[in-house]
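Fit chain B to the supplied structure of chain A, relying on the hints for placement.
Residues per chain are reported as follows:
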Amino acid sequence: MSTRLQTGGTIIDRGQQIEFRWNGKRLRGFSGDTLASALLANNQMLLGRSFKYHRPRGLVASGAEEPNALVGLGEGARFEPNQRATTTELFSGLTAQPQNAWPSLEFDIGALNKMMTRFFPAGFYYKTFMYPRAAWKHVFEPVIRKAAGLGAAPKDPDADTYEHYHTHTDVMVIGGGISGLAAALEAGRSGARVLLVEQTANFGGRAIVDGVEIDGGDAESWINETLKTLNEMDNVTVVNRCLGAGVYDHGYVLAYQRLTDHTPDKDGPRHRLWRIRAKQVVTATGALERPLSFAGNDVPGVMLAGAVRDYATLYGVSVGDRVVIATNNDDAYRTAITLHRAGLIVPVIVDARPEANGTLPEQARALGIRIDTGKAIAKVKGGKRVTGVSLCVQAGEGSVLEEVACDAVAMSGGWSPVVHLWSHCGGKLNWDAEQAMFRPDPKRPPTGADGNGMLHVAGTANGYLDAASALADAGQAGRDAAKDAGFKPAAGTAPKAVSEAEAPILPVWSMPQGAGVKLQMKTFLDYQNDVKVSDVRLAAREGYESVEHTKRYTTLGMATDQGKLSNINGLAILADSLNAEIPRVGTTTFRPPYQPISMGAIAGSARAELFKPVRKSPVHAWFEDNGAVWEPVGDWRRPYTIRQAGENQKDAVKREILNTRQNVGLLDASTLGKIIVKGPDAGKFLDLLYTNMMSTLKPGFCRYGLMCTENGFLTDDGVVARLDEDTFLCHTTSGGSDRIHAWMEDWLQTEWWDFKVYTANLTEQYAQIAVVGPKARQVLEKLGGMDVSKESLPFMRFAEGTLAGIPARAFRISFSGELSYEIAVPASQGRAFWDKCLEAGAEFGIQPYGTEALHVMRAEKGFIMIGDETDGTIIPQDLNLNWAISKKKADFLGKRAQERSHMTDPDRWKLVGLLTENPADVLPDGAYAVDGTTAPTGIKTTIGRVTSSYYSPTLDRSIAMGLVKHGPERMGEVIDFPTTEGAVIKAKIVDPVFFDPEGEKQNV
Amino acid sequence: MSDVQSVLGGASFDGAVKVTEAGVQGMITLRGDLGSEALAKAVKSAVGLAVPAPLAVKSGAKGAVAWMSPDELLLTVPYDQAEAAVAKLTKALADEHHLAVNVSDARAVFTLSGDAVRDVLAKGTPADVSPAGFKPGVIRRSQLGLVAAAFWMTSDTEVTVVCFRSVGEYMYNWLCTAAKPGTLPIVS
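As given, the protein sequences belong to chains A and B, one line each in that order. Take 1 as the starting number for the first sequence in the numbering used here and just add one per residue. Take 1 as the starting number for the second sequence in the numbering used here and just add one per residue.
Chain A on its own, in the form it takes in the complex (with noise of 0.2 angstroms):
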């Protein structure tokens, strides 16, 4: 059984116990614990499930590369799912629960799958199940669904806060054992300024387990004297619980900050992404030991010997009393040694090199370890729990010589420098055939914007497994950064580090190396994702040659824990199988980020209220205190109508469109576009944006035009109005301001740069106003300040001055046919204006309307709607604007695109009125209009679609538009649209305009 040692534990403080809940059970830790080593002081070796088979798994590592014990942490609004229990610190109340088992972690149902293993071979997702075809969707797919998936998703709204925070340094370093802390000193000395980030609680990495001296002192003292120094130094910036998780083009590097999951009680956000721009990158990330590859190595118990001499050293936890070591190397003896120390039984080290006789097994020896060299574990015994180890020779096939009892094994394939971060954005590896390793080849660095390297890779990481020249190398790479980030670096003597010295690794991919199928069959790759080495071999010989595709096939790698442990392991495997060299079947891609980052740390505050900026007229919060149904138009909300006490959205449009009709309506048209176009070229500037002549319109007078993309298809639409010679104001849709603003700059800076214009998007200075309906002069004529009359203020026409004391520009276009004047008042000022008019208008029975009123009113005179009319395929002469093309001009932006065949064939559908035989069917929008034939497909001949469809109070019928073939043609054809329900709704084909086709209502 796995528990806690009567002494020992360098990070716990026994002082401070702390009670936790795990799987309904109470259970204590100390200060310092993960909840890892906790559950591991509380004899808790049974953590989860594995996916696929359900399999029983315990921990196996002791950090970021655990891919087993993965739990439901928290409750309620904190519940979060898949929670690796080695990064997560222990605190008082901490609740976990384990996943993936049902009904109990314990008798588990799913663990029949296991029984069925030979059923769920590689690719089995793509093999299994095709047949009968309907069987997938209906039997398989549901039951296989239910199954997948590790965790739960959460049920309730995150109960946190979270942040980003945007920073800029010189050099970044990313990891804060002995090689990040040496590289941010040298970087810090030379004046650079500096950000070094560790992704735990505590810094100095594994020389402290490890056992390294450093400057004739042990490496804690070093360790805490490095980092007074540091955090004394105003350019340096440390912080803890602070994960590098990408490394993204030009130094972006994004880092997730753990504020309060140790500490859940703190005020403040829970995790906070850190947004950075660093001049140069030094990863020190340090290695990951690699399992090896034998017939029961996913059993609880069987761990890294790395994070077994973990547990004991710095936790003052025992794995099990009785521990076999496994190894290739040398570096696992120090955990035979750090065991025995603390007096538990290292019955025999299995070393499947033939020979071993460095510094550190020599050591073992004298301290009367057995150690068994050319020998290998041809299989562990155990369910739930390891109860012992049969032995082979490594060069064999598995024959068993012997049985050897023990409660946990301890194992190490070698060491993996962690080279994400230098992958992420291009970095090239190496393999060391002699190291047996893939590392960073320092020629073909990632580059940034210059062109030149913007990362180097510190330490371990970069490939220096022993403390010696991973002190030195980290202490040049931090010198490197600063000087490469323009910095000139100090002068100093660099830390020295003494430690044992290592023979060499002997590379096992498949221990023993004759593994039959049978034990290849319980010998894991992918703890996480159940791929076993069987599942690769099978891959390789169905033709699976490149590593990405054999990692899909297998889902090799593809686990929350991305492959950290398996990843080199199974190209191993391939590359055997393939008969290739590893270096030729290469890695998967290394993707950010490292490890999973919160989706609220990604979110950050953009939540709720701050989810999405909306845009608000000036007279937004009368709507919202007016009963106002919104719409949103582009970014804006508008108001779909304003609802009065107990009527329903149907009758408040009606009452409004009647109302403006006969009376007088107010629109808030504030969301309007409103360009500033100023220049002496601002004419000729205008007449190549414009389908029509611009340049002719005299100042104070009005014109509607068009705004077709240089592929001839309409994009906006709106009315100019000539401000005077040099000026005109530009109205553009309410979506499309910003968009056509920007369309303006792009041309006249990219294209037309020796044009004298300049523009300026003045739509927020002012709100508009719209005042419409037979009586709306009388409106304005009360409010007073300016001569609205016909005579002084014509159709089409603008004038300037006040209206009740507020600074006006009075429009008289229509966009509904009625008497209207659209006024434009400074933005700050446009609440009064609008409470002044419902005041005046009062005694006019004047009454706000919304879009919908709006859309009804000018689809009645048949004024099209960018959006609803066009849709990016649409051309003006589509719509009959051709008297809005203008034949004079050389040019327009889209006449070219225009005279193409596609677009003047007389086939192409035109718009028209549509008026159903029963006046009260409305036709649905984007309804298709048959001919009655059918195509060989079986599918229907369309002819034409409905474009706008409304109920029109006015006439008191529907009415709609549509695009027809040969539609301007047809007048007074009825064609046929089929509804989605079945029935078919006749309409006739009639002119657009419905409503007062003379116009003689707006030129009052």
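Just so you know, the hints here were simulated from the structure itself, not pulled from any lab data. Being a predicted model, the structure only gives us computed values, none of them experimental. Take every hint as true, because none was put in to throw you off.
So, partial list: chain A residues that the calculated Cβ filter (under 10 angstroms) puts toward chain B:
#1 Val677
#2 Gly679
#3 Pro680
#4 Lys756
#5 Val757
#6 Asn761
#7 Tyr766
#8 Ala827
#9 Lys836
Just a sample of chain A residues kept apart from chain B, beta carbon distances all over 10 angstroms, derived:
#10 Glu403
#11 Thr447
#12 Glu545
#13 Asn659
#14 Asn711
#15 Glu917
For glycine and all other residues, C-beta sits at the position ideal for the given N, C-alpha and C.
Coordinates of chain B only, in the frame set by chain A:
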């Protein structure tokens, strides 16, 4: 003037940094040849200041002037003097290609004050707001949260933030969230 309403009516929040909606501010967009003598003269006459260098903002007794782009300046004057100032600029630059417009009402203006003002900005802008990149006299046009913003320091502990009026409420809520007690300073 009683009809004039700023976007949030002068709302304020006492957080780890104080956030105040600063009310209406006269603002003029001036586009033209920033190297021309006539423009320099017109700017001097309007706000009593010289044309600023890129990323610079200057202020004096009559107002302030900020560099916005290679052909654009932002002039600030008291709100009720903006129209007159535009008229004066237009007249002074009549012989030069230029554009002077009143944009006072298109904006929302906020004042941040407190020791951690830089950290409030850093929660939402990718611009360098450390003393190396940002100090009194520097203006940045960037983003804050999810919207466009311009900001400059009026002292080491005070920042002016300007955004479009329509997103003034979003900006205020964003700033208050970023200035929440217990979240600042980021690095102590």
